[in-house]
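Chains as they are written, first to last, in my numbering: chain F, 1 to 356; chain A, 1 to 356; chain R, 1 to 309; chain S, 1 to 309.
Rather than coming from a laboratory, the hints here were simulated on the basis of the structure.
Treat the numbers as computed from the prediction; the structure is a model and nothing was measured.
All C-beta atoms in this analysis are idealised placements derived from N, C-alpha and C, irrespective of residue type, glycine included.
It is possible that part of the hints are untrue.
[Unchecked claim] Taking CB as the label site, the calculated pair distances span: (1) P293/A - G112/F: 30 to 36 Å; (2) P29/S - G331/F: 33 to 39 Å; (3) N246/A - A276/S: 54 to 60 Å.
[Stated by the list, open to error] Covered by chain F, per the in silico footprint, the following chain S stretches (three or more residues, Cβ under 8 Å): (4) 17–27; (5) 194–204; (6) 217–226.
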Amino acid sequence: MTSATPEIVSYANALLETMDGALGASPNTVILGQGADDFKGIFGSTTGLAVKYGKDRVSDMPLMEEGMTGIAVGLALNGVYPILTHIRSDFVLLSANQIINLIAKYKYMFGGLFELPMLIRTVVGRSWGQGAQHSQSLQSLFAHIPGLTVIAPSSAQTVLDTYPYLTSTFRGPVISFEHRMLYSLDFEVDRTPLANPLAPRLIRSGSDLTIVATSIMVLEAKRAARWLEEHAGITCDVIDLHCLTNIDPTLILTSLKKTGRLVVADTSWPAFGTAAEVCRLVVQADPTLLKAPVRSLGMAPAPCPTAKALEDLYYPNLGTVVDAAASLVRGRADHGVPLPAEKTMSDIYKKFRGPF
Amino acid sequence: MTSATPEIVSYANALLETMDGALGASPNTVILGQGADDFKGIFGSTTGLAVKYGKDRVSDMPLMEEGMTGIAVGLALNGVYPILTHIRSDFVLLSANQIINLIAKYKYMFGGLFELPMLIRTVVGRSWGQGAQHSQSLQSLFAHIPGLTVIAPSSAQTVLDTYPYLTSTFRGPVISFEHRMLYSLDFEVDRTPLANPLAPRLIRSGSDLTIVATSIMVLEAKRAARWLEEHAGITCDVIDLHCLTNIDPTLILTSLKKTGRLVVADTSWPAFGTAAEVCRLVVQADPTLLKAPVRSLGMAPAPCPTAKALEDLYYPNLGTVVDAAASLVRGRADHGVPLPAEKTMSDIYKKFRGPF
Amino acid sequence: MPSNAAYDRMFRTALLIRRVEEKIIEIYPADKIQSPVHLSIGQEAVSVGLCEALERQDLIFGTYRSHALYIACGGDLTQMFAELMGRIGGVSKGKAGSMHLTYPARGFMGSSAVVASHLPHAVGSALAAKLRGTNQVALCVFGDGSLEEGVAHETFNFAALRALPVLFVCENNTLAVHTSIRDRQAFSIQKMAELYGIPYARIDAGYDFMEVQRVAASCAASIRAGGGPQFLEIATYRAKEHVGTGEDFGFGYRDRAAYDAWCAKDPLITDQASVAAMIDAIDAEIAAAVVAAEASPAPGLDELLTDVI
Amino acid sequence: MPSNAAYDRMFRTALLIRRVEEKIIEIYPADKIQSPVHLSIGQEAVSVGLCEALERQDLIFGTYRSHALYIACGGDLTQMFAELMGRIGGVSKGKAGSMHLTYPARGFMGSSAVVASHLPHAVGSALAAKLRGTNQVALCVFGDGSLEEGVAHETFNFAALRALPVLFVCENNTLAVHTSIRDRQAFSIQKMAELYGIPYARIDAGYDFMEVQRVAASCAASIRAGGGPQFLEIATYRAKEHVGTGEDFGFGYRDRAAYDAWCAKDPLITDQASVAAMIDAIDAEIAAAVVAAEASPAPGLDELLTDVI
Ligand SMILES: Cc1ncc(C[n+]2csc(CCOP(=O)(O)OP(=O)(O)O)c2C)c(N)n1
Ligand SMILES: Cc1ncc(C[n+]2csc(CCOP(=O)(O)OP(=O)(O)O)c2C)c(N)n1
Ligand SMILES: [Mg+2]
Ligand SMILES: [Mg+2]
């Protein structure tokens, strides 16, 4: 452990490895999705699997999101574990009825007679002018609904931690929001299994501020924490929320006892979103933990504009996180902490791909 | 004003009056919905209008929620104001794609070239064993999405305040969550127009506690406030949130400055819901306003069970609100305030229909 | 070949369904069943004939109007009444109620109150059957209204593309709530099935369980032989209001004459000899089930949050 | 009757579309257009013929692959390039980009990147036209993939039921991304249209704008005369990869031979005399539009939150 160089895996390869693993582990596991079997292989996450396991098990689909999701229900009811793929999470809205009215309710509504183990993988688009209809990060909609388990893996590590557990052990339906920009990044990974892969993770420790983040905002939070420490001596707890449903707030509350200050950085809109839910959990437990107003960072309250210039303003980034954190800790907007020059995350990650 | 007996209007009749008014005011306003023209008339809210205005303008529809909603887009783009009806808000999920990917984005995505004025009316089921698929209150899902305006009218008064404004003046798409149990209740109404029908309303004043409520929970909050005053001398501010999007928090913050204690009572699940959003707005402004943990009341974190015995436990009611309020104000669970005997709201409203 | 024994057995099941629903009508005003009920009276023979044509490993999917399907597949009566009454002894502990009957012990895998939402479930279970080589047929029963929903198109296309073992059965009572099929569908149901190359058959005598059994059995045989999906349209008649226990001939949207014509052909009315031979035992069985169901307690707080995830 | 003048006019528009897209291919590597582009090269004649058949009051709805439709309906070139480049001078201030072109001044009412989602928009606008008596025809252009989505079924049924003035046009390039129509559709497109009683016509020579114009004009005339919806399937060929500016014949899912066969019939390739007569003026027009577009500034913070509600 000590002397070995850490293993490096890209997000896309972690996905591919876990998909391969799931298909290899059981003949009754299948992947269904438009293009799941083609040469692009859902951005590399299913490449080659149709050849290896057959097109019956890694199956291209017509355009039929609602139908495909209902088919997953029937598969699960008859002994097959379905993995669905959507190349943009926006398209999952076409199956909102199946997910919310059927999948989320099937076990409870029938008094526990049925279970619907399945994994719905959806990719969140961002940058390169995806525009209003190819960029949404819809985790909050589904996290509102009891019966669903919603995750937003922030790294190859969390993919490797969580997907094998989901496909082999977990008995409920799961929706995963995978961020497109993470796919090409490399991560250090540690193969030690976790006791509970759905728990939040403390991924950096500090004492001035708590940053609760999801998905790619976890990377931004880590980078911001490093910047703040280097440039201002401000240290942060960074918590990767990872799973948005049935959040155990202990880690957050413990951190806030120390820091008293909270920033929530999510990939979606703050209103009725992750930021809102984290705020609720905190003030239901103990509002006196908060020594300063909470800051929530997410997409601007508008549909996503296509123009690059607006897109750069639309999304939070390293600078936004640093600025929010510094003004919270220093207690004023003119906090004096230097801001990083980078204007847009996508440009950075095009050049620097990790390892993280 | 002083001596006149107040005018009493039922919720259903307020809806019928505003629907009639909208059709009468413009030949280019139409109602579309399954059963909109039949003898049940969407629980009395469209009865007789097909005869009065013709079946072209009050139009029954095949089963085609996604298609129908897309048709509303086309109507709005070509000079017709559409009012859609869904007899259960659960069915609106079949049109989530049109509402979220298209309707919410049409104006912004095209740089303001188009507007989509329209009203989507959905009825929230509750009680009498509606079960998991006929009882959801899905306002939070849509309130998360920029571009939509989401309301949950709590009374005949708010219907009369708001609907004529929406159908005649407001230029954006609106989704309204009308509560089925409100339909048969009578309300005192005042015809004085409001400056901003989408603002929250302070509907009762007190000093010990702030209750922010939506839809039928506004009635429960009012009844609870009365009970608390009568039985324990506890007085409450009751705020009807009414519109869940772009909430102006001023009224809530002003109230909290006085009371320091907050209960949020919504018709849906608290997680990622209205309670969460209200908490976010408060702690982003000033967490020190909160002198005690916030309580959120909503449906239990499960799909809705059909059995009456479980349904009674599933929903918050007068007793739950009183209990939460009393324990907050007294600072302990054994608060000593007597609880009302009623176990279930539906039984009460079957006997007592107002006026409220 | 259906024998007299088969006739008697199916007649008995059909009569059992009718008498169960008449019992529901009887006890409904006392608020013993506190939930919406969508009665199958007039439509019993469809479910009876279909279930008679299935094998034990087959899977069944239905709608909110599935009392008949539940009983026809062999569902336990006490568990049914307990379910309708919201008791812990219900097949789903009272959490499901009338709109969501199910009986997995006989392959009845769920019923949904969202029109057409179960169509892809049947097709998915058929895909699993094909992948796993289980020799199962999936039976999917739905109303004529289902055919308007987009998911019907998606589902039929996929079932046909993959030649899946599914029997689609449209119970065509010509109504969706109060709207006639004429005002809803610009297409013919037969042509819709044929669009996907799904073999289609129609039964006009939807009251004739023997005929339903015969045609359904031949469909199932062809499906089991690997012939892919089949489509069966069965004309039937909804005797009561869409939801609830009353009649609704007085509201101008339909005609009592059609009802009378239907009754004149319904074996449960015309074959009074069989009725007389069976009704007492059936009624006793029902009465016992109601008593047993009522003895079951209501679910308590300990059930509120179980089985969510 | 289309004259030589009509041929020249349509040829010019088709060539303009092709040259605009070739300009896009040229400037794309320099990251001037930072968004996905779905090129229409090979499919230009469809939009050109259709728009030529419309009247000024008519309404148009398209997909993410609508460069051709935008230009064919008369959209301004500078506003188009500015839109693609994310400039404030774009038709939608840069907020829309390539996937959401629109030009209301010529009735182009929107294009959606969610496959098939615009079908009901066209039908709704046709319903409004009928209610308001505007004599408009709604033109709805979509790819073959759209027909698999449930909403297509819902929309066709409704348009037929209400006899609405809408012209459905399927641009059948036989591909959805990389998947052949054979692997996606168990139905024939013709039979699908006919299922709803929607009159159907097919054009095999999708490169022939004259033919497209002729057939579309006769469809539009019939629609305008109150004949209800019409359906036109037009065979066409997507020359480039699904999204992006490259070719993709090397990935095994399709054949270069089919492409070569198509090119051999494409007037923009075969009629080199017309090309020679027009290309310089066209290229100059395009170059000027690019320069003008680039002169337009990027939208600023003041635009981020406008036009939301
Ligand atoms: C998606 C959806 N839309 C609307 C409804 C309301 N609804 C309940 S039953 C019904 C009619 C269905 O008719 P049909 O499919 O013919 O079945 P039947 O009731 O005649 O058995 C409607 C519109 C629903 N339950 N689900
Ligand atoms: C609802 C939906 N599902 C999936 C996608 C991803 N997608 C984009 S284009 C496309 C293929 C569409 O094919 P077709 O309709 O034939 O149009 P073409 O691209 O050939 O013009 C797909 C699957 C999408 N945009 N929308
Ligand atoms: Mg019917
Ligand atoms: Mg295509």
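Against the structure, the hints come out as follows:
1. A hinted range of 30 to 36 Å for the beta carbons of P293/A and G112/F is consistent with their spacing of about 33 Å.
2. Checked against the hint of 33 to 39 Å, the C-beta distance between P29/S and G331/F comes to roughly 48 Å, which is inconsistent with it.
3. Under the hint 54 to 60 Å, the C-beta atoms of N246/A and A276/S, about 58 Å apart, fit the expected range.
4. Here the region 17–27 of chain S counts 0 residues with a CB under 8 Å from a CB of chain F, which misses the bar of 3, and the coverage is violated.
5. Coverage of a stretch by a chain is defined here by at least three residues with a beta carbon nearer than 8 Å to that chain's beta carbons; for the region 194–204 of chain S and chain F the count is 0, and the condition is violated.
6. For a cut-off of 8 Å, the count of residues in the region 217–226 of chain S with a CB near a CB of chain F stands at 0, and the three-residue condition is violated.
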